[in-house]
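K.L.:
So the sequences go chain by chain: A and B. So for the first sequence, full-length UniProt numbering puts the first residue at 1; every next one is plus one. So for the second sequence, full-length UniProt numbering puts the first residue at 1; every next one is plus one.
By construction, these hints were calculated from the structure, which means they are not laboratory data. Fair warning: there could be bad hints in the mix.
[Claimed, not checked] Computed footprint of chain B on chain A; a stretch qualifies when at least three of its residues, placed anywhere within it, have a C-beta under 8 Å from a C-beta of chain B:
no.	region
1	88-96
2	135-144
3	262-272
4	357-368
5	375-386
[As the list claims (entries may be wrong)] DSSO-like cross-link-like pairs, simulated, lysine-lysine; straight-line CA separation at most 30 Å:
no.	chain 1	residue 1	chain 2	residue 2
6	B	23	A	342
7	B	23	B	342
8	B	79	B	150
9	A	79	A	342
10	B	79	A	150
11	A	79	A	23
[What the hints assert, rightly or not] Covered by chain A, per the in silico footprint, the following chain B stretches (three or more residues, Cβ under 8 Å):
no.	region
12	44-55
13	217-229
14	354-364
Source: prediction; values computed, not measured. C-beta atoms are modelled at their ideal positions from N, C-alpha and C, and glycine is treated no differently.
Number of protein chains: 2
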Amino acid sequence: MPQYLSTREEGFDARFTDLLGMKREDSPDVDAVVAEIIADVRTRGDAALIELTERFDRFSLTPESLAFTPEEIAAEIAKVPDAERAALELAAERIRAYHARQMPEDQRWSDASGAELGWRWGPVSAAGLYVPGGLASYPSSVLMNAIPAKVAGVERLVVVCPTPGGVVNPLVLLAAQIAGVDTVYRVGGAQAIAALAYGTQTIAPVDKITGPGNAFVAAAKRRVFGRVGIDMIAGPSEILVIADGTGDPDWIALDLMSQAEHDESAQAILITTDAEFGQAVARAVEARLETLERRAIAGVSWRDFGAVIVVRDLDEAAELSNRVAPEHLELCVADPDALSEKITHAGAIFLGAYTPEAIGDYVGGPNHVLPTARSARFSSGLSVLDFLKRTTLAKMSPGALRAIGPAAECLAISESLEAHGLSVRARLDALNEGEE
Amino acid sequence: MPQYLSTREEGFDARFTDLLGMKREDSPDVDAVVAEIIADVRTRGDAALIELTERFDRFSLTPESLAFTPEEIAAEIAKVPDAERAALELAAERIRAYHARQMPEDQRWSDASGAELGWRWGPVSAAGLYVPGGLASYPSSVLMNAIPAKVAGVERLVVVCPTPGGVVNPLVLLAAQIAGVDTVYRVGGAQAIAALAYGTQTIAPVDKITGPGNAFVAAAKRRVFGRVGIDMIAGPSEILVIADGTGDPDWIALDLMSQAEHDESAQAILITTDAEFGQAVARAVEARLETLERRAIAGVSWRDFGAVIVVRDLDEAAELSNRVAPEHLELCVADPDALSEKITHAGAIFLGAYTPEAIGDYVGGPNHVLPTARSARFSSGLSVLDFLKRTTLAKMSPGALRAIGPAAECLAISESLEAHGLSVRARLDALNEGEE
């Protein structure tokens with residue numbers, strides 16, 4: 001049974017705060033193991049990578065077979081049915097079009113002092129994308145990570161993906177090809193992250209690592225952060241639906257289940273102004289849970305972390321939603337645009353009854369890598385900005401230095417940084433001498 | 001003695017690689033202590049904060065005196081000389097003008113399928129800025145951190161600053177006031193970071209924490225990352241100067257020393273096409289090291305980590321600089337703009353002889369919080385973007401769902417995510433029924 005809350009009930013605030021604070025993930029402490037794996041790959045390179053792959057993935061590699069060859073990729077991709085290929089291509093095209101609009105502009109200007117200022121964006125040179133093996137090996141995630149990198153202009157883009165027992169998902173290889181990935185390596189786990197961060201004899205190091213993974217991968221990313229850039233450490237998925245009772249309860253039940261089916265730790269919350277509608281959605285969920293393929297997973301998620309919250313009005317709904325700061329927010333209300341204006345914290349908003357969250361997972365265009373665990377309060381989904389960095393520019397004319405240099409010198413002296421001050425003063429003195 | 005390298009010498013590449021890989025920082029392992037401090041503040045709130053401040057800062061606080069009162073601030077600020085106040089105000093105005101240009105635009109559009117797409121930027125609600133106490137208590141850093149937050153629209157902006165023995169730098173309080181900081185708390189160390197991340201009875205939690213600090217502060221920031229957003233973990237400062245021999249060797253010597261004086265672990269590198277000019281700069285450094293107030297610190301930095309590298313031409317200089325990916329890059333050459341085009345990785349570029357790096361530390365306008373330790377390969381200096389987050393928007397019309405929904409369903413099924421597929425299918429079926 002999910003939780004039922006109402007803002008009209010006494011003690012609501014305490015119950016809602018408890019819901020917000022629920023610990024949904026029990027991350028095993030794998031940090032010591034991961035530290036060893038990273039040190040091993042750093043020291044022994046390919047040899048360590050191959051040994052660890054043998055041990056964890058029961059699969060023998062050589063330095064030559066670390067990467068898929070073009071022939072191997074072609075053979076795997078040939079297995080993909082036409083419909084799936086077409087769907088992936090449509091998704092890629094839409095994701096590319098959306099992310100192309102994110103490219104920021106360079107600026108350069110002169111101000112009143114005569115100073116020329118500006119900045120310039122440029123891509124990271126090389127990026128590595130982690131793709132999980134097995135069940136969570138999602139071709140859609142390959143597109144969502146790889147396309148922004150390519151749009152940003154990343155020159156070398158590689159994928160690492162474990163292939164336990166030698167088995168790979170052909171759709172993953174096809175998605176990598178469609179997205180423009182240069183090389184796919186048959187390695188995974190913390191050892192693959194170490195190889196990307198430090199390089200081995202065969203795998204050149206990258207500057208940025210993105211992509212989801214298990215606890216070992218997450219711990220390894222946290223550890224190499226600083227040596228390379230990483231994206232966020234993703235937690236279990238979440239959806240919050242705000243409904244005014246105008247929609248079909250079964251649609252909303254399916255939307256809730258589409259997050260619940262990801263993971264027993266996923267969280268699906270319905271906030272509604274209509275208590276009866278809330279009951280109807282809950283009944284529809286129960287009915288769907290009879291037959292869904294992933295009913296075991298979705299059922300546990302709904303029972304342990306699901307919630308139906310009845311509110312007085314949509315303002316209250318928006319306010320509660322902002323406190324949750326959900327990864328995915330669906331506005332299934334008569335005027336979703338008006339309600340959207342009141343939302344301050346959410347990873348992605350899906351407006352109206354015809355925008356199920358699943359559209360955003362695949363073909364909408366926006367990225368499906370989004371901030372979880374209330375981090376939408378301070379962070380954003382993956383974008384081209386994650387694969388770009390900005391260099392600031394400053395160029396002083398003699399006049400500009402005369403205008404603002406003395407203030408710099410004054411502040412340097414007040415901070416007891418004499419050389420800072422002298423570096424400005426030496427130039428000012430030369431300019432003044434030149435004038436005499 | 002700094003290192004002297006030349007690309008014409010045999011073995012250059014190995015020596016340069018060694019220079020790149022030099023370990024400049026020996027971070028003490030304070031993680032266990034920090035974990036305890038955070039747990040203590042999380043459990044006991046103000047009481048823990050006050051006890052830890054008593055222990056580390058030899059200073060007694062009560063919940064009422066945690067924050068400076070407006071009267072206390074006014075009394076401290078009254079001590080600041082007019083020249084310093086004017087310099088801070090000029091700096092603030094210039095930093096504000098530069099960062100205001102960084103505000104990104106929202107977008108919303110419809111595509112050919114009838115899908116409405118877009119995104120919206122919004123500020124984090126509350127941010128906390130760490131300001132070190134004692135010698136490294138720089139008012140300029142208060143401006144550089146606080147102004148981008150205020151430009152971004154952060155509603156509540158607080159400063160934490162240890163006041164060992166009760167002593168505070170009046171310039172820090174003035175900078176906070178000029179920048180629009182709401183409250184300044186007299187706490188520091190890992191305990192202050194814990195208070196910002198988790199809140200106490202007196203200090204409300206924030207969403208984002210920025211600002212420099214010692215090893216305890218850095219470890220605490222790393223630990224609370226995820227609970228709140230953090231800026232980068234800064235390493236010791238670096239400068240790389242590329243010179244063609246047209247400038248004054250003493251100016252460049254002072255620029256090199258302006259980083260070296262920060263920290264014994266700072267690094268100053270000169271790359272020049274003119275070997276004799278390189279010698280002249282090195283002599284000028286030795287001469288300055290006779291008299292500089294911070295000669296002890298700057299001397300150790302220059303001896304242990306300084307380098308003069310002679311190259312064949314400016315192309316080679318740019319290539320080496322890109323491998324370093326320096327925090328600060330000065331181009332003291334005849335045509336700095338042309339050379340700048342060849343730079344792919346640098347935190348900030350200072351163009352031409354009249355732009356000493358110190359201008360950028362105070363009054364140039366660009367931020368002085370910049371990526372260190374080669375992280376300019378993948379990250380940028382602090383900006384308004386660090387205090388904003390983006391929410392993506394998607395709204396499907398029935399027609400858009402018909403056009404792209406089937407592809408989403410197909411991919412959902414291929415990923416064994418049935419509920420995802422059904423959430424799309426249920427709507428498509430209803431639309432089709434409606435048509436019949």
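K.L.:
Let me make sure I understand: some of the numbered hints might not hold for this structure. Which ones are they, in numerical order?
P.N.:
Violated hints (numbers, rising): 3, 6, 9, 10, 11 and 12; every other hint is consistent with the structure.
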